[in-house]
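Those sequence lines, one after another, are chains A and B. Each residue of the first sequence is one higher than the one before, starting from 1 at the first, in our numbering. Each residue of the second sequence is one higher than the one before, starting from 1 at the first, in our numbering.
Worth flagging that the hints you see were computed from the coordinates, not collected in a lab. Remember, it's a predicted structure, so these values are computed and weren't measured experimentally. Just so it is clear, CB atoms sit at the ideal spot from N, CA and C, and this is done for glycine as well. Be a bit skeptical, because a hint or two may be false.
[Claimed, not checked] Below are the BS3-like pairs computed for lysine-lysine, each with C-alpha atoms no more than 27 Å apart in a straight line:
#1 K70/B to K87/A
#2 K87/B to K119/B
#3 K87/A to K119/A
#4 K70/B to K119/A
#5 K87/B to K70/A
#6 K70/B to K70/A
[Said to hold, decoys possible] Part of the chain B face toward chain A, derived, beta carbon under 8 Å:
#7 R23
#8 M28
#9 D85
#10 C97
#11 E138
#12 G142
#13 L143
#14 L155
Number of protein chains: 2
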Amino acid sequence: MPATAVFRTAIAPEWVDYNGHLRDAYYMLILSFATDALMDRLGLDAAYRERARCTLYTLEAHIHYLQEVKQTDVAEVCVRILAADAKRIHAGLELHCERHTGPAALAEVMLLHVHQGEKVTAMPFPPAVSDAIGRLHEETAGLPVPEPGSRRMELRPRP
Amino acid sequence: MPATAVFRTAIAPEWVDYNGHLRDAYYMLILSFATDALMDRLGLDAAYRERARCTLYTLEAHIHYLQEVKQTDVAEVCVRILAADAKRIHAGLELHCERHTGPAALAEVMLLHVHQGEKVTAMPFPPAVSDAIGRLHEETAGLPVPEPGSRRMELRPRP
């Protein structure tokens with residue numbers, strides 16, 4: 001697994017749809033589990049969430065489906081930090097399968113750190129988490145950003 | 001249900017995550033089921049798929065998460081056609097719950113009509129399907145397009 005890989009999973013049979021491949025939403029489920037793994041890596045794990053009553057909410061997600069994933073594949077997700085501020089992480093996620101040379105899907109997610117009290121309020125990351133985000137950002141900053149990234153979706157003329 | 005509603009579902013307990021609400025990927029699963037319902041409405045149903053060996057592949061999806069959905073909610077999805085050409089549909093999807101006045105999520109998807117032969121090839125819609133897409137496009141063209149739509153994802157400064 002590359003250094004930036006955070007999650008690896010087999011494909012559950014119930015994730016395969018009538019088209020004979022991984023249903024679009026289950027690509028997102030694998031990416032969602034990968035985001036959980038990223039949270040563990042950054043110190044936003046279950047113990048932290050319980051103690052601080054803080055967690056990450058997904059604000060936005062944009063995914064490009066590039067290759068079919070079959071039931072016999074194993075999916076691996078690599079992550080990079082594209083940007084971050086005091087409360088938010090903009091992460092890039094790549095879903096890979098050995099069968100394909102390029103990524104099977106590319107996604108970007110925007111994550112917000114919140115406190116779940118009587119109401120849900122945005123909350124700055126604690127310093128140790130900010131440091132961990134900064135380190136991962138530095139580690140992944142030099143990697144080429146795969147195209148197409150997030151962009152306005154529209155019907156573009158095709159050759 | 002509004003005229004453009006195509007799908008309605010209760011929230012399965014296993015769709016709720018450690019944050020106490022619908023996991024991000026399961027919003028997408030509900031939207032994916034709604035896309036199946038849209039296909040039925042357009043004549044791209046199971047019988048068509050079997051007969052023609054044609055189906056829709058999702059090329060791209062962009063979702064904004066606006067409200068938490070709880071296990072006690074019922075989700076309803078409205079659809080509109082934002083654009084279409086001979087082989088592609090650009091659809092807008094809104095996920096609503098009665099508890100919230102506005103949508104709980106907004107999404108856009110780009111769908112491609114393909115033939116699943118020895119290899120998968122893009123294929124024009126049959127005329128009856130193109131007509132059905134055109135009619136739904138006309139019916140929904142006048143509806144206000146909710147903001148924010150699909151756009152390049154980036155960390156924008158917050159007030």
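A quick look at each hint next to the structure:
no.	hint	result
1	K70/B to K87/A	holds (24 Å)
2	K87/B to K119/B	holds (17 Å)
3	K87/A to K119/A	holds (17 Å)
4	K70/B to K119/A	holds (15 Å)
5	K87/B to K70/A	holds (24 Å)
6	K70/B to K70/A	violated (31 Å)
7	R23	holds (6 Å)
8	M28	holds (4 Å)
9	D85	holds (6 Å)
10	C97	violated (16 Å)
11	E138	violated (17 Å)
12	G142	violated (19 Å)
13	L143	violated (18 Å)
14	L155	holds (5 Å)
This entry does not satisfy hints 6, 10, 11, 12, 13, going by the numbered hints stated previously.
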